[in-house]
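Can you build the whole structure from these sequences, using the hints too?
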Amino acid sequence: MGKEAGIKILKFTEDKYLKFLEASISLGNPVLIENVQEELDPAIEPLLQKQIVKKGATATLKLGDSVIEYNKEFKFYMTTKLRNPHYLPEVSTKVTLLNFMITYEGLTDQLLGIVVAKENPDLETKKEQLVLDGAKFKNKLAETETQILTVLQNSKDILGDASAIEILSAASALTAEIEKKQETAKVVEEEIDESRLGYKPIALRTAGLFFCIQDLCLIDPMYQYSLPFFTLLFINAIQEAPLAEELEERADNLNKEFLGSLYRNICRSLFEKDKLIFSFLLSIKLNSMAGDADMEEFKFLLTGGVALGQEVPPKPADWLSDNSWAELNRACDMPGFKGFMDHFTANIDTYKEMADHPNAHEWEFPPSCDEILNRLRKLIVLRCLRPDKLVPGISGYVISYLGAEFVQPPPFDLKLIYKDSSSTTPLIFVLSPGSDPMNALTKFGEDKKKNIEPVSLG
Amino acid sequence: MGTLEKICEELSPDPKVCHRDFRLFLTSYPSTNFPVAVLQNGIKMTNEAPKGLRSNVGNSFLVDPISNKEFFNGTTQPKKFRKLLFGLVFFHAVIQERRLYGPLGWNIRYEFNETDLRISVRQLAIFLDEYPDKTPFTALNYLTGECNYGGRVTEGLDRRTLMTILGDYYCEGILEDGYKFSPSGVYYAPSHGEYDKYLDYCKNLPQFPDPEIFGFHQNAAITKNLNETDATLDAILLTQAQAGGGGG
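Here the protein sequences line up with chains A and B, keeping their order. The opening residue of the first sequence carries number 136 in this note's numbering; numbering runs sequentially from there. The opening residue of the second sequence carries number -6 in this note's numbering; numbering runs sequentially from there.
FYI, nobody ran anything at the bench for these hints, they're computed from the structure. Worth double-checking, as some hints may not be accurate.
In silico BS3-like pairs for lysine-lysine, Cα to Cα no more than 30 Å straight-line [as the list claims (entries may be wrong)]: (1) A/Lys391 / A/Lys253; (2) B/Lys62 / B/Lys127; (3) A/Lys550 / B/Lys(-1); (4) A/Lys550 / B/Lys44; (5) A/Lys154 / A/Lys143; (6) A/Lys146 / B/Lys9; (7) A/Lys151 / B/Lys196; (8) B/Lys217 / A/Lys513; (9) A/Lys473 / A/Lys554; (10) A/Lys583 / B/Lys(-1); (11) B/Lys217 / A/Lys487; (12) A/Lys210 / A/Lys151; (13) B/Lys(-1) / A/Lys210; (14) B/Lys196 / A/Lys408; (15) A/Lys513 / B/Lys44; (16) A/Lys190 / A/Lys229; (17) A/Lys578 / B/Lys127; (18) B/Lys9 / A/Lys583; (19) A/Lys583 / B/Lys62; (20) B/Lys9 / A/Lys578; (21) A/Lys207 / A/Lys146; (22) A/Lys473 / A/Lys487; (23) A/Lys216 / A/Lys190; (24) A/Lys154 / B/Lys217; (25) B/Lys9 / A/Lys585; (26) B/Lys127 / B/Lys190.
FRET-style restraints, in silico, Cβ to Cβ [to be verified]: (27) A/Pro377 / B/Arg92: 41 to 47 Å; (28) A/Lys197 / B/Gln33: 36 to 42 Å; (29) B/Asp7 / A/Pro377: 34 to 40 Å.
Computed footprint of chain B on chain A; a stretch qualifies when at least three of its residues, placed anywhere within it, have a C-beta under 8 Å from a C-beta of chain B [what the hints assert, rightly or not]: (30) 408 to 417; (31) 502 to 514; (32) 520 to 528; (33) 536 to 546.
For every residue, glycine included, the Cβ atom is placed at its ideal position computed from N, Cα and C.
This is the structure:
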């Protein structure tokens, strides 16, 4: 939309952005300012307030020191990459805020397009061809219609005019042909949509994972991952994953490959303490999408439920602490735990074994409770009885769903990372106290026979 | 920071602007001021002492100078060297892991790091080469414990602890096969072998070590584990705060 009008893309960080802005205002070209922060440059204040003064026939605006002509065609846009920007009321009232945050559905469609284009290029080109053909046919139909109308208008005696009749019959033949073609096109399109549908689970799963990594930045401000980075990983995974005859097998391979590369790539930018968290989030996400994990139960695992002050029944055994017992009672209020309380009180001695076990996370639940408890619920019971062993428990949960490689982060390897970089992508070391990558870096520079020039800010 | 963002945006694949082999390395502590655009564009990596005894020991073998084959095989007394080297690496991991136990481990949370290990390893190699007949354990203990690692230790009793722990690893006994680091017998210096053997041994260590290897009673781990559980759950909870809004 803006391209035709010659949209100008600027940034506040550019030196001469104000000059360009002034020029665009008087010429009436739209302007987009990218990556604004929460604070806007006060210089554009008059523009936001629309302090336009009418002087005779021309409207003028005072921007900075200069008074410039204001063209009515001028449009002003700003974008921010901030996730949840907080603009002061003074700003919010002057602009229209739009949320362009990617949605789950939108991302799924985008990923579906990518995976189909890569997996089955014929299908995608066919689909594109169909769209083009459809447009062409419509044009032709419109042409014939005008032709018919012209003939009708120009001929006085339509029945006697041989050429007119010829044109008309040709037109009707053409219409019939086009209609037929469109019908077959419709069938093909349905076929295409159907086979696209086969890839839908992959797209859904991948989109879910994207939101999983998006939430990481709430833990640490350095955990920022962009959509292009994510899609690039996805495309690489499509190329790397082993081929298979059956779509289902191929989808399995693809999912596995992508998950592995996602884990490896994200993990190297996470601090040690957050690596297990990331794996756990991944497995919970995948499980909840597969319907194996209940989000309410997951929340309970994190919080232990909220005590609402209701009476708890008397403890069935003395070794249970008040806290554990109350928490267990709250857990049993959830629908998934139906029947567990009876089972627990009946087998109270077995559970004492768990509470006293040095490695409670490896303790085997009695087989009779398998019907009630899935793995997540078992974690909740572990939380209630032995909160100190929950971290190993979580690790066990990840291993059982994703495999052991997801709890053993790959060692730091500068060579591998270097391969992924290019002259335009900076490599950023996120430091923690006591770490100094300089040595590794100089050594690496020597290996590459390059000189590394250290520069300090300031 | 704005200037940095601008510079990063001006990088372009055009060879006139950037040479093909040009790379920009940045280092920074976590900061909210760091431009998001640069972060999203760049490749981020952390460089931290790995969590857990197993990865810590394993990782030490993967970095310079130990990973350097010439260095690893270059001593005149490979048998002694490798035994003691393993002991040193293990000691390095143990004192770092002890920090997790809070005041039970160290009175002050010392930031021991790779450089301490690196210099100690080099000294070990030099001393073994210089004194082929009799290994100077006293000197090694003094240099490693009092100087390299001890330089960070500012508290008297911590220093005594450090020297005592080191004494378990830098001693005559470790040279014998069958010398165990702790009563359970899970941890020991593997018998003489090639570089890969040590890596394999590290891979088979338990992921969650018992407190006995640090010289603690079983119950010492409870507080530490509870803290860990809390920290983990809190962090996960943070990510859930907005999950609904994201539509995920």
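Hints and how they fare:
no.	hint	verdict
1	A/Lys391 / A/Lys253	17 Å, holds
2	B/Lys62 / B/Lys127	25 Å, holds
3	A/Lys550 / B/Lys(-1)	27 Å, holds
4	A/Lys550 / B/Lys44	22 Å, holds
5	A/Lys154 / A/Lys143	12 Å, holds
6	A/Lys146 / B/Lys9	23 Å, holds
7	A/Lys151 / B/Lys196	58 Å, violated
8	B/Lys217 / A/Lys513	22 Å, holds
9	A/Lys473 / A/Lys554	53 Å, violated
10	A/Lys583 / B/Lys(-1)	28 Å, holds
11	B/Lys217 / A/Lys487	22 Å, holds
12	A/Lys210 / A/Lys151	19 Å, holds
13	B/Lys(-1) / A/Lys210	25 Å, holds
14	B/Lys196 / A/Lys408	20 Å, holds
15	A/Lys513 / B/Lys44	26 Å, holds
16	A/Lys190 / A/Lys229	24 Å, holds
17	A/Lys578 / B/Lys127	34 Å, violated
18	B/Lys9 / A/Lys583	22 Å, holds
19	A/Lys583 / B/Lys62	18 Å, holds
20	B/Lys9 / A/Lys578	28 Å, holds
21	A/Lys207 / A/Lys146	23 Å, holds
22	A/Lys473 / A/Lys487	21 Å, holds
23	A/Lys216 / A/Lys190	39 Å, violated
24	A/Lys154 / B/Lys217	60 Å, violated
25	B/Lys9 / A/Lys585	19 Å, holds
26	B/Lys127 / B/Lys190	27 Å, holds
27	A/Pro377 / B/Arg92: 41 to 47 Å	43 Å, holds
28	A/Lys197 / B/Gln33: 36 to 42 Å	37 Å, holds
29	B/Asp7 / A/Pro377: 34 to 40 Å	37 Å, holds
30	408 to 417	holds (count 7)
31	502 to 514	violated (count 0)
32	520 to 528	holds (count 6)
33	536 to 546	holds (count 4)
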